[in-house]
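The two chains are supplied separately, each in an independent frame; assemble them into the complex guided by the hints.
Residue numbers (the working numbering), protein chains in the order written: chain C, 1 to 318; chain L, 319 to 523.
Just so you know, these hints were derived from the structure itself, not from any lab. Among the clues, some could well be false.
[What the hints assert, rightly or not] With a straight-line Cα cutoff of 35 Å, these simulated DSBU-like cross-link-like pairs (lysine-lysine) come out:
{"#": "1", "chain 1": "L", "residue 1": "Lys324", "chain 2": "C", "residue 2": "Lys127"}
{"#": "2", "chain 1": "C", "residue 1": "Lys317", "chain 2": "L", "residue 2": "Lys408"}
{"#": "3", "chain 1": "L", "residue 1": "Lys408", "chain 2": "L", "residue 2": "Lys394"}
{"#": "4", "chain 1": "L", "residue 1": "Lys434", "chain 2": "L", "residue 2": "Lys324"}
{"#": "5", "chain 1": "L", "residue 1": "Lys412", "chain 2": "C", "residue 2": "Lys317"}
{"#": "6", "chain 1": "C", "residue 1": "Lys142", "chain 2": "L", "residue 2": "Lys508"}
{"#": "7", "chain 1": "L", "residue 1": "Lys412", "chain 2": "L", "residue 2": "Lys508"}
{"#": "8", "chain 1": "L", "residue 1": "Lys423", "chain 2": "C", "residue 2": "Lys317"}
{"#": "9", "chain 1": "C", "residue 1": "Lys96", "chain 2": "C", "residue 2": "Lys117"}
{"#": "10", "chain 1": "C", "residue 1": "Lys230", "chain 2": "C", "residue 2": "Lys117"}
{"#": "11", "chain 1": "C", "residue 1": "Lys54", "chain 2": "L", "residue 2": "Lys324"}
{"#": "12", "chain 1": "C", "residue 1": "Lys318", "chain 2": "L", "residue 2": "Lys423"}
{"#": "13", "chain 1": "C", "residue 1": "Lys230", "chain 2": "C", "residue 2": "Lys127"}
{"#": "14", "chain 1": "L", "residue 1": "Lys436", "chain 2": "L", "residue 2": "Lys423"}
{"#": "15", "chain 1": "C", "residue 1": "Lys318", "chain 2": "L", "residue 2": "Lys515"}
{"#": "16", "chain 1": "L", "residue 1": "Lys436", "chain 2": "L", "residue 2": "Lys394"}
{"#": "17", "chain 1": "C", "residue 1": "Lys54", "chain 2": "L", "residue 2": "Lys423"}
{"#": "18", "chain 1": "C", "residue 1": "Lys317", "chain 2": "L", "residue 2": "Lys508"}
{"#": "19", "chain 1": "C", "residue 1": "Lys318", "chain 2": "L", "residue 2": "Lys434"}
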Amino acid sequence: MRGFIFVLLLFNIVFFSGTNKLKGQIPEQNQTCLKCHTSQTFTLYNDWTEREEKRLMNPLYILDTLQLAMGVHSSFNCIDCHSMDYETYPHNGELKLEPMMTCIDCHGGDETYASWKFDEIQEEFHKSVHYELYGDQFSCSKCHSQHYYRPVATVSSSLQEIVRADNSMCLSCHDNMARYQLVSDTANLQVVQIHEWLPNQELHFNRVRCIECHTEVQDSLLVSHNIMRKEEATRNCVECHSENSMLQASLYRYQNLQARTDQNGFLAALSAGNSDLSDEYYVIGASRIPYLNLIYAIIFFATLGGIAIHTIFRILKK
Amino acid sequence: MGTGEKLYLYPVWLRIWHGINALCIIALIISGISLHYSGRTFFLLDFQSAITVHNIAGFVLSISYFLFFFGNLFTKNGKYYRVKIKGLDKRLLKQINYYVFGMFKGEESPFPVSEKRKFNPLQKYAYIFIMYVFMPLLIITGFALFFPEIIIEQIFQISGIMFTAVLHGIIGFFVFVFLLVHLYVASMGKSPGENYKSIITGWHS
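The following block holds chain L by itself, in its conformation from the complex (with noise of 0.2 Å):
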């Protein structure tokens, strides 16, 4: 699908699905934080917003992950997912020597994008954990935080819903480290806003 040097590694559905998930996240840890430390005066959401933004957030980011779900599902875009166990930790050695050596002496990215390879492997096993891992036990904890009436009672001596909590709370301020992580990481590209262009148009060069 490439024209010259520039490739179609974006299609429509995933970069509509990436803007709403973009969006919501930032709302919920906006609302998230705001909730976690309520009553602290320089936090950007009073108590009853943050609850209103976190629950509409939460619901729009649940159907949203679905589009992305069985996107990867039924489109060939799922075939930049799989996992390959083989020589992993020798492809992930490699990629992060380069981020933290070899970009710094002017070397080739170990793993250049082509249409067969769009991420490279730390990017890929980030996602993978990311969107497997990470967002259905958000989704999840989320979904049993608004209807509390579902989690057990007790977890050995440990009320249920502070089990719950927590474990969202945790999960959700990892995605907020990886947020941080791939808004940088982004900018590495060949200028460092073309990635970000990228996900607007679809194209990569």
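Isolated chain C (complex conformation) (with noise of 0.2 Å):
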């Protein structure tokens, strides 16, 4: 019995001491917004009733605390980005029509951020598609949440994981009817089907982010953040699949995952002229060991010679 409850302590002691430590990361004077925030109920006293009420949570006002807790943002108070008046509750409805603080509004023209290149990448997004076609009503957070937002492509070693964090960016609109008419009236989203013509069309979703095709690499930012129309999205394979490859200037760019893979790699001992492609992906073309070439090239040589050399012989004694 003794050993139940001590295993039971411990238990209790690993588990809820992380929860302690994550909840730590949101600072206390959020906890009162997050009473309500984080349920899928909130209870108000109704003035016309004179009754106090439970009602429903809007599903989109709802955080995921974890993912909070994770965020880049997670030790902001609610206020920080919005309105003061939020303080009061019940909410002032008129408050949802106050403009939203923006990210330049704290990251642009700032030294503390200058590494992040924040007004470099607000040039390069008002180039984009999106810019153009929904001006300034297509704000950062439609694609980076606030709340949410870890820099994955910086801190993650996990090629996937970058992936996957970047394309969920792209297709929580492209892929969600009920987002993507936030700014388009198009009835059919069809994903899929613009995408046909790409060979292996699951594999590529899976392996490589949409901006690999949709964007111009650029050489000052880790992404770009000009999204191009779909007629200059790129169709030529060979800018992935070949030596050169345009991958190694934007999806195999990071140094943590080539410092991944000059660690851990195991053909990237053998790849010293590709170290830039990690072990993580093959791609036709582009996945070369120059040793093994070497290797071939030696044999293919040293077959041809013999063939010649056997050849003369075969026409002198003859």
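Take a look at the structure:
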């Protein structure tokens, strides 16, 4: 029995200390907001009926605290971005019409965030089809959730995680009619049909990011934000499937991945010339192993040489 | 089945298979090299054509392989592929010695072609290795690369697809080298063109 209690205590320490730690990352001031905004229901006093009423929370306003705690803005107070008037409950309905803070309001022109190049990103974004068609209505938050955003591409050592996180931003609208219709009247999304020309479509969708074909590689930015019109997206396979694969300047560019490849990559040791390409993926035409190519060349020319010498002897001894 | 000095060694089904196999292998080598070194201008096929050619030729080759496999299983042609381990090293050395020295001294072939023995030992074991080890491996890895979702995600920290593709490439390269040697050795008949004629007519002289 004592053993059981000990295990129970240990379980409690391991799991609940973790929860507390996670909870600790979200400021205490936010707990009042999260009390309702993590719940399926909320209670308010209805002045008309003069009684307390329990209502269903709009699912769009329910937050995932786990994701929130892992996001880059986890230490922020809700009212850092939302109006201070939200501290009054029930909230004033007109607050919804108040313009929200935008990313650039904090990140623009600030030396603290210079390395993230927000101003350059905004310049690039202004050239994109998203801005061209929808102007300022197409805010950063259409793709980057302010609540949950994590810089996956720069911190993750898993290529698959980077691809999934990136493509989920595109698909959150391009594969979601409700969100898509926030900016477009198009009734049919047809993501799969439009990409039918792409061989091994599923594999491409899972292994490379949409932006690989839908943006031009930007040397100064880790992620190009100039999303091009679909007519301008590349259909030239060789841009990725070649020795000078464009992927080396985009998807495989992250130092965190290269460091991982350098440390653990078995084939990376062999592929000295192409160390930017990860062991994790094979790309036809781009994944070369120079030493293997050298061995191929030696065997090929030795075979031809042997045949030539043998032929000469056959002719001479005829 | 011999008529005079001539031997009927290559039945129709075998010649049809051999012709299909040869065309597919050539198409696969050209398209395979074009894919492996894509982006370089000196290769014959552009990327998309190379993909199409490689896929079609790969499927046809796989189907024709079964013609060879079952043809050897159910006809007497299979007897030429039976492995005899005893004295194999001596037989192989004898044949190598003939190719390297003997034939230039005017010696007779140590294992002349007969109805009972279509291949010399080197030929026989090269064919056995190519047809019963390399070809199945090529077909299996090729099939896996055509349906990459069936490949294991990681094998010892290496991408399963990478592993399969590299293996496919290495085996494909050795089949290419085999083809070069095969074509050259075939020129060592009574006259340089004799064996090429045989595989078309079926008659060996």
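Hint check:
no. : hint                  : in the structure
1   : Lys324/L <-> Lys127/C : violated (78 Å)
2   : Lys317/C <-> Lys408/L : holds (26 Å)
3   : Lys408/L <-> Lys394/L : holds (26 Å)
4   : Lys434/L <-> Lys324/L : holds (14 Å)
5   : Lys412/L <-> Lys317/C : holds (20 Å)
6   : Lys142/C <-> Lys508/L : violated (77 Å)
7   : Lys412/L <-> Lys508/L : holds (20 Å)
8   : Lys423/L <-> Lys317/C : holds (8 Å)
9   : Lys96/C <-> Lys117/C  : holds (30 Å)
10  : Lys230/C <-> Lys117/C : holds (26 Å)
11  : Lys54/C <-> Lys324/L  : violated (99 Å)
12  : Lys318/C <-> Lys423/L : holds (10 Å)
13  : Lys230/C <-> Lys127/C : holds (14 Å)
14  : Lys436/L <-> Lys423/L : holds (24 Å)
15  : Lys318/C <-> Lys515/L : holds (22 Å)
16  : Lys436/L <-> Lys394/L : holds (12 Å)
17  : Lys54/C <-> Lys423/L  : violated (105 Å)
18  : Lys317/C <-> Lys508/L : holds (15 Å)
19  : Lys318/C <-> Lys434/L : holds (29 Å)
Against the hints set out earlier in the document, violations occur for numbers 1, 6, 11 and 17.
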